[in-house]
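If you read the sequences in order, they're chains Y and B. Residue numbers for the first sequence follow this note's numbering, so the first one is 1 and each next one is one higher. Residue numbers for the second sequence follow this note's numbering, so the first one is 1 and each next one is one higher.
Source of the hints: derived by calculation from the structure; they are not laboratory data. Don't take every hint at face value.
[As the list claims (entries may be wrong)] What follows is a set of in silico ranges between Cβ atoms, one per label pair, in the way DEER data are often shown: (1) B:G169 with Y:S305: 16 to 24 Å; (2) B:G174 with Y:A336: 46 to 54 Å; (3) B:Y268 with Y:I536: 41 to 49 Å; (4) Y:P610 with B:A107: 20 to 28 Å; (5) Y:A272 with B:G221: 47 to 55 Å; (6) Y:E302 with B:Y173: 24 to 32 Å; (7) B:G174 with Y:P610: 30 to 38 Å; (8) Y:D589 with B:G138: 49 to 57 Å; (9) B:Y268 with Y:N111: 44 to 52 Å.
[To be verified] Straight-line Cα separation of at most 30 Å, BS3-like style, residue types lysine-lysine; simulated pairs: (10) Y:K309 with B:K85; (11) B:K206 with Y:K584; (12) Y:K35 with B:K36; (13) B:K85 with B:K36; (14) Y:K308 with B:K165; (15) Y:K35 with B:K165; (16) Y:K35 with B:K153; (17) B:K153 with Y:K46.
In this text the structure is predicted, and so the values were computed from the model without any measurement. Note that CB positions come from ideal geometry on N, CA and C, so glycine has one too.
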Amino acid sequence: MPSTGSNAGRKPVTFPQYLLLNASRFADRTATRHKDLGIWQSWTWKQQFEEIRAFSIGLQEIGVGEGDKIAIVGTNRPRLYWTFCAVQALKAIPVPVYADAVAEEMAYVLNHAGVRLAVVQDQEQVDKILSFSDEIPALKDVIYDEPRGLRDYDHTHLREFASVQELGREAMAADSGRAKAWEDAINASDGEEVSVFLYTSGTTGRSKGVVLKAKTSVKAACDTAEFDHLTENDNVLAYLPLAWAGDHYLNYAQGYVSALCMACPESPETVAHDLREIGPTFYFAPPRVFEQLLTNVMIRMEDASVIKKKIFHHYLAVANKWGEAILEGRSVPFGARLSYWLGNILVYGPLKNTLGFSNIRTAYTAGEAIGPDLFSFFRALGINLKQLYGQTEAFLYVTAQKDGEIHADTVGKAVPDVEIRISDDGEVLFKSPGMFVEYYADEEKTKETFTEDGFIKTGDAGIFDSRGDLKIIDRAKDVGKLRDGSLFAPKYIENKLKFFPNIKEVVAFGDGRDFCSVFLNIDLAAVGNWAERNNISYASYQELAGLPQVYEMMREHVDQVNRDLAGEELMAGSQIARFLVLHKELDADDGELTRTQKVRRGFIGDRYAPLIEALYDGSSEKYVDTEVTFEDGRKGSISATVKIMDMKTNPPTGATKEAAE
Amino acid sequence: MNQHIDPGSLRADDGIERGGMLLHVDNISLSFGGVKAISDISFDVKKGEIRAIIGPNGAGKTSMLNVINGFYHPQEGTITFRGEKRRRMRPHHAASQGIARTFQNIALFKGMSTLDNIMTGRMTLMRSNILSQAMWFGPAQKEELAHRETVEKIIDFLEIEHIRKTPVGRLPYGLQKRVELGRALAADPALLLLDEPMAGMNLEEKEDMSRFVLDVNQQFGTTIALIEHDMGVVMDLSDRVVVLDYGRKIGDGTPDEVRNNQDVIDAYLGVSHD
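Construct the complete structure from the given sequences, taking the supplied hints into account.
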């Protein structure tokens, strides 16, 4: 807290105020790291403050002022994170945009937000913006971080990040009161200004601009930082998309209020390696990342020597039996403790070290359901992996699991200061300190989202279990009924299938139909490895996906899920009667997934209408021709004859036998 | 702090202006026994340009590159590089004069890492003796640090950070090509010879490679002579094109001129003999 001046003793209410505070209380502690030219570079809070101030005043020099919208596009790089704070210091509004968005998507967001200036990473993003700059009259300037390849561009509206900082430094040198005035303006804020526009990933239709206020964002961040005891001694690796609410919250918001040290990877491809070097204490990853890690570990263990394999599997069994109990501090026999200790030396320790998980105090996963086996695997290794349930509209946390109250199938209880209730039709509603003000320029959607009494509708169907923990079943609007009236929750079925390492993505159909059927996407890494091991040759993803052996493998998985479903009273009716393996991977570039890799059900339904029809008209194969978009935006097409397989469904085994989870 | 050595300054500037004559090939003829690979070819490469050499299979393109970098010795004709006339020279002389190249079939050290492979590109620029290098002592240490910095810049430039420590034998073809370009760049060349840099690549890899070639040319001002079969790539990238057929030069000029040259069209599309 500022010890002098008009704000003495007051708790900061904006992130720039936290910057000033951190620059004085933790002046010499490292704020940011970035690997550049193979060496970790670092900035202390003091240095970071100076960088941000120079850039911020530089922005002022080129005419940025209160209320201007500034787009931020790129991967996780210190300068882009600094831009957030530099922009907020001027009471302008940062609008982060997904770096991998194609030009059209980006143009929509920039236009919708009325962006005046864009701060981007490199030539690729500059090119993208220039390609549609005619359509965005409000956009005046573009600032770039990496100059490579941009030397010969027309620089009338193009500036280098460093040159803007130079402008700021010159302004400060010319006017000795300038720096003070800048700080005073920050201190004067009451936190009522807009802090950021976060565009949702657009699971349903166009993305919406979630408007968040500074004061409430700070409050939300403080609450959860306290909940997880984050301090200046923590460090994180920022590797998730910059434009995603989760990244903005976990790395920027929590980072500033707790003054932790954030590291930026060298490039998106080096994340795994950088993670190992940094060894973060706080880590977040969506379930699919943990899934990928487990798959990779298992694949690599397959190639290990017999002795190593034996040791690995022996101690994995020990960990599965005792690991979670030890992690949660429950009483465990001495022999088991000894065995686990040995396992830690021989297996868990080195494994965690390889994954970069040695120092983790708290790890979270969210966004999708996580398989119970997967969840237990990491917890058994001694990693405190927990689940949270969050929304961009809440500025992230709605619920989170408390240490010691961890269950694979729930997302925990409401975090401090959050109220939750379930509406009559099963939808989860909440009220939270960080909740958003409105969807930018979309009054109708805003109205739809708030209830009469000021709660926010999440659009997720959920229930409270006997422990009082929240359990999310599916998107509320996706839950439907089969023609015979039995409940159909597509995601529930999809998740059950996705827990198999060989299956990457699933789309289930059944609402208003006679039976449930699914599209499967194989996991190329896992199935490819299996094929190699079994001497099965294939030339392409498409060919691999269509192999009879692969179909047989998928049939076994679906059969397993059917048997599970038969054991659950509510779900027994929605066993899978027919399935097919898709000939191409679902991809965000084709609009089939959101940028956060969630299935866009409606879109897939339209795009693959002939295949869905084939699932229900009894045919055994179907020819399809699908348009695909390459990374550069060009289009091509792939065609295939997709086989469809019938499944046997089981009679409900009733509540006597619980699902084998 | 170590004393700063700028490895780039180790080679004296040749004083040739951008657009001035860097390489001049005069009436070169090369034959292997009775086979005439190249007959009486002349062309030039200006400083700072991208010069393409194209032609059907067996036209003598690679032979021409091999002549330029001293691997083959032409029976007739002269080559003037940076104002210096020469007739016979060894490849290592070419390398130390500032000519670097990549190969049609990748020629990397498969067991060595990307980093080490690119580091070998700086061999000709290293000055310390083998003993102090082995001891990694004094000047040798400083020198290596400076070279490493340059190599890291190249790694950053080519966006291959993630494979820095990976043995190149394990890399996919497209990446190996990129590493090879990195090694050639490490020699800090005045003239970069690329022998089919896009051969065997898919569309995306070709686009990446094209961008790197353009960036190298723009950023470092490196003069590039390249052989390529993909006409789209050649026409987009190069400033001037020379066309060979059966060891003879049949066209020379800007991509547009070459595209409309009747001899070139005949050579590529075939011509009816009646």
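Hint by hint, here is what the structure shows:
1. B:G169 with Y:S305: 16 to 24 Å: holds, 22 Å
2. B:G174 with Y:A336: 46 to 54 Å: holds, 50 Å
3. B:Y268 with Y:I536: 41 to 49 Å: holds, 42 Å
4. Y:P610 with B:A107: 20 to 28 Å: Because 50 Å falls outside the window, the suggested range is violated.
5. Y:A272 with B:G221: 47 to 55 Å: Check failed, 36 Å falls outside 47 to 55 Å.
6. Y:E302 with B:Y173: 24 to 32 Å: holds, 26 Å
7. B:G174 with Y:P610: 30 to 38 Å: The hinted range 30 to 38 Å holds for B:G174 and Y:P610, with Cβ atoms some 35 Å apart.
8. Y:D589 with B:G138: 49 to 57 Å: holds, 54 Å
9. B:Y268 with Y:N111: 44 to 52 Å: With Cβ atoms ~46 Å apart, the hint holds.
10. Y:K309 with B:K85: Measuring from Cα to Cα gives roughly 65 Å; hence the hint is violated.
11. B:K206 with Y:K584: Holds, at about 23 Å.
12. Y:K35 with B:K36: violated, 54 Å
13. B:K85 with B:K36: Holds, at about 23 Å.
14. Y:K308 with B:K165: holds, 25 Å
15. Y:K35 with B:K165: holds, 15 Å
16. Y:K35 with B:K153: holds, 13 Å
17. B:K153 with Y:K46: holds, 28 Å
Figure legend: structure checked against the earlier numbered hints; hints not met, in rising order: 4, 5, 10 and 12.
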